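*Asks:* What follows is the residue order along each chain.
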Amino acid sequence: MKKGILLQIIIIFFLLIFWNALHLGFRLQKLNFEQSLSAKPMILIANEQASLEHLRSEIDSLYFISETLLEPDSLIATKLFQNYNLMGIENLISSFNLPSVMKIFIHSDQFNSFEKNMLETKVIDERDDIILQYDHNFWQEIKNKIKVLTSIYYGLNLIFIFFAMFFLITLRVHNEEKKNEFWKIYYAAGGSHKKRVENFWINSLLILFVPIILFAIVYAAALNFQYLPLTIYWWKFGFEFGILILIILFSRLMIGKNLK
Amino acid sequence: MLKILYFGITLDDQRIIATDKIEIGNGVSMLLFGDNSTGKSLLLQAINGDLKNYDGDILIKEKPPIFYKKRKKSILLENTLHILDQETIWKNILIPLPKISSRIQKKVVDLCDIANLKNIRTRKAKQLSFSQKKILEIIRAVIQIPYLILIDDLDNYFDLKKRNKALQILAYAIDNGSSVVATSKTKLDGFQEYFRIQNKKVMKL
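Residue numbers (my numbering), protein chains in the order written: chain A, 614 to 873; chain B, 26 to 230.
One chain only, chain B, in its complex shape (with noise of 0.2 Å):
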C-alpha cells in the first residue's frame, strides 16, 4: 500500500527526519512516534502530497503522490478541524460522499453508534467537543475507505477510553482494506506496525 524509500526532509540545511524504507501492507495499522518537532507531521504532509519539498520516493500503491493530485486517495486529519460548524453532524460526515446508498447509511449510523453520536446526529457540529468533532472527522474518512487515513497527533485529542472507540471505528476502513498511519508523542496500543523517530532517523520496532 505505502512504500517510502530514501526519505529525508531538510529545512534551512538541517536535516529533520530521515529513513531509508517504510513499507506498509494493506489493512494495516502503524504508529509512528517520536517526540515534538521531530518530523512527524511533515512526513503525514509530505504522504497526502501536500508537502513537496523532500528527497526520496514516496509511493502508494505503487504510484507517486502527483498521480493522486486530483483523485485523492489519503485523508489527512491534522490538529486543526475540518468540520461545518453550522450544519448538522450527519451533514458534515456525508459531505465528501458522491453518492449516499442505504447501505452507507446504515454503515454511518452503526459508526455513530459507537462514538455516541447516533442519537444526536441531527444536532449543529457546533454543539460538539473537540474530541467529538475528531471523532466525526474520523468517521468521515472511515467511511470513504481510503488507501490511507494519516491521523497527526492521536493522543492529543482523546482519553484512553475514547481512543479505543476511535480505534474500534478505524478498524472498519482497516478491514475494508484501507492502511492507517497515525503519529503520536508517546507509544499508543492497538497499533499492528510502530516505528520510532530517534536521532531524526525513523526505526522499525
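Just chain A, with the same shape it has in the complex (with noise of 0.2 Å):
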C-alpha cells in the first residue's frame, strides 16, 4: 500500500472516531438533561381519591407517562407519622380529611409542549378539584438546553462535514496529481491506459472499507469491554459511509480528466 493512501485511511480513521465521539457526547448530555426532567414528577393532589384514580385510567396508557404513583390519604398519613414521629396522636390525624397524592413520572423526551398542555388540559380544566403541582419553569430550562445542545450538535454535524470534505477531497486530488508525473512515464513507456482508472478505484475502495472495519472493531470492543456508557445509532453509520462515498465521486470529479 502506497504511503499516500496509508495516511489517509489513518486520516479518515481518526475522523471517524472523532465524529462519532461527536455522536456520543450529545446523546449522553441530551440524555443527562432528559434524566433530570423525568426525576421530577408532576404531582396531583386531590380530596378525592376517586378522582385521581379516574384521571389515572385516562392517561395511564398515554405514551410520554412512564408511570403514574398514586398515594392514598392513609398512606399520607402513616409517613407523616413515621417521618415526624408522631406515634401516639394518630387519633387527632386521623380525624382529619388528608388529600391523597398521584405522582406522575413521564418520558421526558417525548413531554414536548403539546403533550405538556394536552395533560394540562385535562388535569386542569376537566377536573376542578385536582390541583396540579410541577416545576414548569424547571421543564422549561431542560427543554431549552436540549434546544441550544440540538442546535450545537446539527451545527458541529455541518461544520465537521463541510471540513472532512474539503480536507479529504483536497488531499485526495494532491495525491493523485502528485502522480501525475509517473503515470505521464508509465503510458509513454507503453502502459495500459486503464490501469490509472483501475488503480483509483481500488484505492478508493480501501480508503472506504479499511478505515471503516477499523473502527467498527474498536467500536465493538469498546462496547464489549463496557467502556460506552450508550450506543451509537446505526443510521448514523449508514449516514457517515454514505458522505464517504461522496467524497471519492466528488474527488474523481475534481480529478477530472486525468484519470482518461
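Treat the hints with care, since some could be wrong.
Restraint-style ranges between C-beta atoms, simulated for each label pair [unchecked claim]: (1) B:Q152 with A:F863: 38 to 48 Å; (2) A:N812 with B:Q152: 25 to 35 Å; (3) A:K615 with B:I170: 23 to 33 Å; (4) B:N78 with A:L827: 49 to 59 Å; (5) A:L619 with B:Q111: 13 to 23 Å; (6) B:K151 with A:N812: 41 to 51 Å; (7) B:K151 with A:L862: 31 to 41 Å; (8) A:N812 with B:R40: 40 to 50 Å.
List time: in silico DSS-like cross-link candidates among lysine-lysine, alpha-carbon distance up to 25 Å [what the hints assert, rightly or not]: (9) B:K116 with A:K792; (10) B:K77 with A:K791; (11) B:K124 with A:K797; (12) B:K151 with A:K792; (13) B:K151 with A:K616; (14) A:K791 with B:K116; (15) B:K98 with A:K870; (16) A:K616 with B:K116; (17) B:K86 with A:K808; (18) B:K77 with A:K870; (19) A:K807 with B:K116; (20) A:K797 with B:K149; (21) B:K151 with A:K791; (22) A:K792 with B:K98; (23) B:K149 with A:K615; (24) A:K792 with B:K149; (25) B:K124 with A:K807; (26) A:K792 with B:K124; (27) A:K808 with B:K116; (28) B:K77 with A:K808.
No lab work stands behind these hints, which were simulated from the structure alone.
As the structure is a computational prediction, the values presented were derived from the model and not from experiment.
Beta carbons are placed, not taken as given, at the ideal position from N, Cα and C, and that holds for glycine.
Using the hints, build the complex out of the two chains.
*Replies:* Rendered as C-alpha cells:
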C-alpha cells in the first residue's frame, strides 16, 4: 500500500472516531438533561381519591407517561407518623381529612409543549378538584437546554462534514496529482490506459472500507468491554458511509480527465 | 502491419509532408530519413495516435489509431526521456508490464547484458548517461513486443557502436513480429526498408 493511501486511511479512521465521539457526547448530554427532567414528577393533589383514580385510568396509557403513583390519604397519614414521629396522636390526625396524591412520571424525550398542554388541559380544565404542582420553569429550562444542545450538535455536524469533505477531497486530489508524472512516464512506456482508473477505484475501496472496518472493530471492542455507556444509532454509520462515498465521487470529478 | 494511405500534414496552410502510400509488413525495420523540419516527428506522432490533424488514413493491423486509444499497440520513443530518475534501471524497465514472468525477467537480463546494463541494473536511473537511458527505453519497449516501435531521431542518441547494440536489442522484437519505424537525418545502416523525405514527399528507396 502506498504511503499516500495509508495516510488517508489513518486520517479517515481518526475523523470517524472524532465524529462518532460527537454523536456519543451529544446523546449522553441529552440523556442527562432528560433524566433530570424525568426524575421530577408532576404532582396532583385531590381531596377525593376517586378523582385521581379516574384520571389515572385515563392517562395511564398515554405514550409520554412513564409511570403513575397514587398515594391515598391513609398512606400519607402513615408517612406523617413515621417521618415526624407522631406516634400516639394517630387518632387526632385521623380526624383530619387528608388529601390523596398522584405522581406522574413522564418520558421526558416525548414530553414536549404539545404533550404538556394536553396533560394540563386534562387535569386542570376537566377536573376542578385537582391541584397540579409542577416545576414549569425547570421543564422550560431543560427543554431550552436540549434545544440549544441539538442546534450546536447539528451545527457541529455540518461544519465537520464540510471540513472533512474539503480536507479529504483536497488530500485525494493532491495525492493523485503528485502521481501525474509517474503516469505520464507509464503511458509513454507503453503501459495500459485502464491501469490508472483501476488503481483509483481500488484505492477508493481501500479508503472507504479499511477505516470503517477498523472503526467497527474498535467500536465493538469498546462495547464488549463496556467502555461505552451508550450505543450509536446504526443509521449514523450509514450516513457516515454515504459521506465517504460522496467524497470519493467528488474527488473523481475533481481529478477529471487526468484519470483518462 | 502498418498502412499509410494518401497521407498529408498541413500546418498554417503549408503542406509539411505527404505520401500516397507507405506499407510495412510484420517484423520489419524501416528507416525514414530526411532533413530537419520535414515532418518526420509529426508522422510518428500521427502513427502513435498523438497527432490527429492529418489527411488520409493510417491503419495498424487494418484498424485506425482510434481503435488503439485504450489498447495502445505502438510505443513512441521521442527525443524527450521518459524515465523515473529516482527508481532503479530494473524497475524502469518493468514499469509498464502487467505481469512479470520469470521468462520475461530472463529476457530483460539478456537484453541488459547486450546493453552493458546487466551488472548495474539495481542502480538508480539518474546515474545513467543519456544514451544509456535511451537504451533502457528501447529495452522497455522491446520487452512488451508491441505491433510497432517508433523511434524518433535515432541518430541523435548513439554512436555507431551503441547504435548497433540498440539494433541488436530491437531485433528481439522484430523476430517476435513487431515492426520498427525509426527516423533520422541521414541514412543509417541496419534497416530492412528505407524511405526518404524529399521535396515534402515520402519516397521509398
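*Asks:* Now tell me if each hint is right for this structure.
*Replies:* Each hint tested on the structure:
At about 42 Å, the CB distance of Q152 of chain B to F863 of chain A agrees with the hint of 38 to 48 Å. Between N812 of chain A and Q152 of chain B the CB atoms are about 28 Å apart, so this pair conforms to the stated range of 25 to 35 Å. Separated by about 29 Å at the C-beta atoms, K615 of chain A and I170 of chain B satisfy the suggested range of 23 to 33 Å. Taking the beta carbon of each, N78 of chain B and L827 of chain A are about 52 Å apart, inside 49 to 59 Å as hinted.
At about 19 Å, the beta-carbon gap between L619 of chain A and Q111 of chain B stays in the expected band of 13 to 23 Å. Distance hint check: the CB atoms of K151 of chain B and N812 of chain A are about 25 Å apart, inconsistent with the given range 41 to 51 Å. The hinted window of 31 to 41 Å between K151 of chain B and L862 of chain A holds, with their beta carbons roughly 38 Å apart. For N812 of chain A and R40 of chain B, the Cβ-Cβ distance of about 43 Å falls inside the hinted range of 40 to 50 Å, so the restraint holds.
A hinted pair counts as satisfied when its Cα atoms are at most 25 Å apart, and K116 of chain B with K792 of chain A qualifies at roughly 16 Å. With a C-alpha separation of about 29 Å, the suggested pair K77 of chain B and K791 of chain A falls outside the 25 Å cut-off, and the hint is violated. For the given pair, K124 of chain B sits about 20 Å from K797 of chain A by alpha-carbon distance, which is consistent with the 25 Å threshold. Distance hint between K151 of chain B and K792 of chain A is fulfilled; the C-alpha atoms sit about 19 Å from each other, no more than 25 Å.
Our distance criterion of 25 Å between C-alpha atoms is met by K151 of chain B and K616 of chain A, whose separation comes to about 23 Å. Straight-line distance between C-alpha atoms of K791 of chain A and K116 of chain B comes to about 19 Å, which keeps the hinted pair within the 25 Å bound. Taking the CA atoms of K98 of chain B and K870 of chain A, the gap is about 22 Å. The hint holds against a cut of 25 Å. With a C-alpha separation of about 18 Å, the suggested pair K616 of chain A and K116 of chain B falls inside the 25 Å cut-off, and the hint holds.
Restraint check for K86 of chain B and K808 of chain A: the C-alpha separation of about 24 Å stays at or below 25 Å, so the hint holds. Under the criterion of a C-alpha separation no larger than 25 Å, the hint pairing K77 of chain B with K870 of chain A is consistent with the structure, at around 18 Å. Between the alpha carbons of K807 of chain A and K116 of chain B the distance comes to roughly 20 Å, so the proposed pair stays at or under 25 Å and holds. For the hint linking K797 of chain A to K149 of chain B, the alpha-carbon distance of about 19 Å falls within 25 Å, and the restraint holds.
Straight-line distance between C-alpha atoms of K151 of chain B and K791 of chain A comes to about 19 Å, which keeps the hinted pair within the 25 Å bound. Note on K792 of chain A and K98 of chain B: the hinted pairing holds, with a Cα-Cα distance of about 23 Å set against a maximum of 25 Å. Distance hint between K149 of chain B and K615 of chain A is fulfilled; the C-alpha atoms sit about 20 Å from each other, no more than 25 Å. Taken as a hint, the K792 of chain A and K149 of chain B pair is honoured in the structure, with Cα atoms around 19 Å apart against an allowance of 25 Å.
For the hint pairing K124 of chain B with K807 of chain A, the CA-to-CA distance comes to about 15 Å; that is within 25 Å, so the pair holds. As the CA atoms of K792 of chain A and K124 of chain B are separated by approximately 21 Å, the hinted pair is consistent with the 25 Å bound. Simply put, K808 of chain A and K116 of chain B have alpha-carbon atoms about 17 Å apart, close enough for the 25 Å limit, and the pair holds. At roughly 24 Å between alpha-carbon atoms, K77 of chain B and K808 of chain A fall within 25 Å of each other, so this suggested pair holds.
Consistency with the previously given hints fails for numbers 6 and 10, ordered from lowest to highest.
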